[in-house]
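Chemist: Chain by chain, the residues run as shown.
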Amino acid sequence: MFLYFWREAWRSFRAHRGLAVTSVLSLTAALTLCGIFVLFDHNARQALNAIGDRREMIVYLKDDISDVQLSTLTDKVKLYFGEPTYVSRQQAWTELSEQLGDPALLSGVEDNPLPASLRVRLKPELLNFTAMEQAAKQVLEFPEVEDVRYGAEYVRRLDEFSAGMRATAWAAGGVVALAIVLMLFNTLRLTLLARRHQVEVMLRMGASDRFIAMPYVLEGLMHTGLAAVASLLLVFALQQGLTTRLAGLTFLPWTWSLSFVLLALGVAWVASTAALNRILRTIGS
Amino acid sequence: MFLYFWREAWRSFRAHRGLAVTSVLSLTAALTLCGIFVLFDHNARQALNAIGDRREMIVYLKDDISDVQLSTLTDKVKLYFGEPTYVSRQQAWTELSEQLGDPALLSGVEDNPLPASLRVRLKPELLNFTAMEQAAKQVLEFPEVEDVRYGAEYVRRLDEFSAGMRATAWAAGGVVALAIVLMLFNTLRLTLLARRHQVEVMLRMGASDRFIAMPYVLEGLMHTGLAAVASLLLVFALQQGLTTRLAGLTFLPWTWSLSFVLLALGVAWVASTAALNRILRTIGS
Amino acid sequence: MISFEHVTKRYGERLALDDVTWRMEEGECAVIHGHSAAGKTTLLRLITHETQPTSGVVTVGTFRGGRLSRSHRALLRRTIGVIYEDFRLLPDRTVYENVALSLYIAGQHLEADLHPKVRRALHEVGLEAHRDLLPAELSYGERQRCAIARAIVNRPALILADEPTGALEPKSAAEVLSLLLRIHREGAALLLGTTRAEVANVIGGRRYVLEDGRLRDAAVAAPAGAAAGGA
Amino acid sequence: MISFEHVTKRYGERLALDDVTWRMEEGECAVIHGHSAAGKTTLLRLITHETQPTSGVVTVGTFRGGRLSRSHRALLRRTIGVIYEDFRLLPDRTVYENVALSLYIAGQHLEADLHPKVRRALHEVGLEAHRDLLPAELSYGERQRCAIARAIVNRPALILADEPTGALEPKSAAEVLSLLLRIHREGAALLLGTTRAEVANVIGGRRYVLEDGRLRDAAVAAPAGAAAGGA
Ligand SMILES: Nc1ncnc2c1ncn2[C@@H]1O[C@H](COP(=O)(O)OP(=O)(O)OP(=O)(O)O)[C@@H](O)[C@H]1O
Ligand SMILES: Nc1ncnc2c1ncn2[C@@H]1O[C@H](COP(=O)(O)OP(=O)(O)OP(=O)(O)O)[C@@H](O)[C@H]1O
Ligand SMILES: [Mg+2]
Ligand SMILES: [Mg+2]
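Chains as they are written, first to last, in our numbering: chain A, 1 to 285; chain B, 1001 to 1285; chain C, 2001 to 2231; chain D, 3001 to 3231.
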């Protein structure tokens, strides 16, 4: 039984080799697009985690605090907000000169105007805009603190970016699924139309819809499977090519790759079954 | 004669409405991609011209030059290199404070360490990397000049960018042309395969290849024409949508639009004629 | 097994069958003789449910009238072997595959079962030597033989034969008809439509004349065997 | 007009035509009578250059032997009207359009010219009433009539008829044959292949018997007219 269906699928695949090739190519294109997206999403998540480390709060200290005050403050900050690093006035000055690029520019300045500060690497649960704002207010209450800076704008943008990323992920996934459905629908329609006469005869010989459709469903799965594997290879090649420029671009873990292929096959199965049902109904009696 | 061909083309168009729609849609997709590219290329060219204005050279002046020396230098620079603007030490200081963002940071600095400078908006013919390097060397020879800065890296990038832009333009054009050719080839092949029996019969009735092919060529042109117009409309919609965010994004001039459509039709004509010749040969005797 | 009750079939304003009432029992044999365009094929199509009557009821086996569901229609058709006037072979399958398809559709998938049946059917119509040719590579008469092999390979309960000897010269025609009669004697009901009196004579059985859509019963003829070679 | 010189046609190891030498003049009429699979269709296909002989030379009109170019082949075919055994109508065109196509292909595009010719041809085969039906909506005999109309509408110099009455009952068959004979008398050459002796008798003209690929000249028969109804 099953052997018969596979043989028929293989026959159809060979008989419409041109159609099969085009179908596999366009499916590969769609899936590669999707794969590239997944790749970047995957890497963006990793990058976001890394960037998260840099979401820091800078606590400027009053000039006249004692070492004891400093160490109590450091302890409190450590307890409630995150890992503090002390930056002395001298260090701040050196950093500024380096940032300006031309050390000569500040050579005329005799007195260092910069305050000392604590750089606080925030706890993960504080890594969003509202929590940070809250934390900043609390820190400002301490008497030893002159001012607090945090990348409010920056963090907001990062939050928006990752939300946008996730939305785009869904949208792109949806679009690609739709594209696959449309492409399979059309390929199957054309295959069946090119064999309309044969399908009619088989219906007249008493073949059930399932009997007629099964080889084409299998063919659609073959196309999709080939395309999914091909697109993963393409994405892998892309990753290998880009990794020299975008250092640290990693490939998808194999669980992702597998689910990618399985998902594509799932969409293909549903699409082709639905398509064939409709097409057989239009071909008729 | 011609009427007959159009009628046949129309018949085929209607008979394979699904195929026609898919064909038009995929052609539209390809052409829209191409159109978006042309739109951005067009706008990038305009933007590059505008950006060119900002490719300036900064000539730092020695602290001890006289007004006379300054005005001779200004004249010479104006003659050979471009439009100079004088920036006094005071202005430079103000700008630096603004750039640093926090005016308090520099409040402790009593003596302004910055030199005066001439900002030179370069002549158009100097607007490329090598010419600028040359110019910088020459300016450095003047005794009044302390140092010269110019956006060497920036200009090099801009040059690379516009060269890359042009290369991408050609590549994208080629890819889209290829895609159109493949798509038309495939659509026509499928249309003819779905009508293989009919084509065979017509060949046996003594129809010439041209007689059989002409309606399909016309059909291919119809698809392409529709797709080209549709994609222009899409690109227009895109431009209208984006113009609020990317202010100054302008639509293609009508000459470009027209050539876009004509070029697409030309590619379609050549592709479908070639395709049909090949296909008819495989269908046979 | 088959019964038509006041069946009328119109195509637009063209009347193909006009108030036909008629029945046929299991294992019976009947001939419908009529000129071209009399409505023979229309009548056979009503039996296979390829088309629906404009009015009246067609009952075939346990399937009574109305529109059948797709799966019921398929089920019904699997019990009938049809020899179409235009053969309806699958152009992309060899003679062997065309005949074997009938068995696959009937749910027989074991090569060991299948192979002898197909060979026997091909032997019965004399096409063993052509088993690997495509229909387009057969002569017209050979194509008709292939269509017959496909219809009988599964030994269906009912054989509908629409001008099954149209492409054959008298000698081959006689052979084919005696093959059909033999299968009928093995138990299958046989309904044969033809424009030719000599074919009707050979078959014998119940004989109907179809003229411009009206069916007339022409008594039961003795199953003759002589009149065949006549022309 | 047509000449075969020692023409042999093999399909693989199957010998379809065996050293056939034969000729036919312009305006002549000939019948090839042979059993099914004798090689009749193969012979007609050699004339239309649908296939090439394995050895020997086929000359048709001014086109002598060898492989013709695609455009020459098209040119040749436009002078021949072929009635195929399997009709080869275009399934997506109405009867009228099928017949008119013949004229379009011959380069006649003026409705005013075309319309009366198509109508006359449809009238001659008795299909006026069916002009707007698709082939699938015709009875089998009507399809054959449509194929005949298409072959004769352009009054070609040569008519090749491959079993042109296979789907018709004796009365219609006689009508069709007399139509073909009338067109022959108007000047067209007529070459008819058939498995049926009665058809060969009606046509008269030069008569050949094709048996297992060998062509035998069976003397010239008087253009009879009586033997037709015999069945
Ligand atoms: N689908 C259809 N649409 C319109 N008319 C039809 C259709 N099918 C058949 N007819 C008409 O019905 C009439 C009877 O057709 P039918 O095919 O039953 O004849 P038949 O007895 O089988 O003749 P033949 O021996 O030539 O095959 C014909 O005039 C035909 O044109
Ligand atoms: N393309 C082909 N490939 C292989 N064999 C072929 C091909 N065409 C014809 N034959 C074989 O050649 C033989 C003669 O075929 P042909 O069609 O000429 O017979 P015919 O005289 O027209 O018979 P009929 O009256 O049945 O149509 C047949 O045995 C057929 O199987
Ligand atoms: Mg019929
Ligand atoms: Mg033949």
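Honestly, the hints are just simulated from the structure, not real lab data.
Be aware that a few hints might be false.
[Claimed, not checked] To give a feel for the contact side, a few chain B residues facing chain D, derived at Cβ under 7 Å: (1) Q1198; (2) G1206; (3) A1207; (4) L1249; (5) L1252; (6) W1256; (7) S1257.
[To be verified] Not the full set, but computed from the structure, chain B residues with beta-carbon under 10 Å of chain A: (8) H1016; (9) P1124; (10) L1182; (11) R1189; (12) L1258.
By construction, the Cβ of each residue, glycine as well, lies at the ideal position given by its N, Cα and C atoms.
Chemist: State for each hint whether it applies.
Modeler: Status of the hints after comparison with the structure:
{"no.": "1", "hint": "Q1198", "in the structure": "5 Å, holds"}
{"no.": "2", "hint": "G1206", "in the structure": "3 Å, holds"}
{"no.": "3", "hint": "A1207", "in the structure": "5 Å, holds"}
{"no.": "4", "hint": "L1249", "in the structure": "48 Å, violated"}
{"no.": "5", "hint": "L1252", "in the structure": "41 Å, violated"}
{"no.": "6", "hint": "W1256", "in the structure": "39 Å, violated"}
{"no.": "7", "hint": "S1257", "in the structure": "36 Å, violated"}
{"no.": "8", "hint": "H1016", "in the structure": "8 Å, holds"}
{"no.": "9", "hint": "P1124", "in the structure": "29 Å, violated"}
{"no.": "10", "hint": "L1182", "in the structure": "7 Å, holds"}
{"no.": "11", "hint": "R1189", "in the structure": "6 Å, holds"}
{"no.": "12", "hint": "L1258", "in the structure": "30 Å, violated"}
Checked against the numbered hints above, the structure breaks hints 4, 5, 6, 7, 9 and 12 and satisfies the rest.
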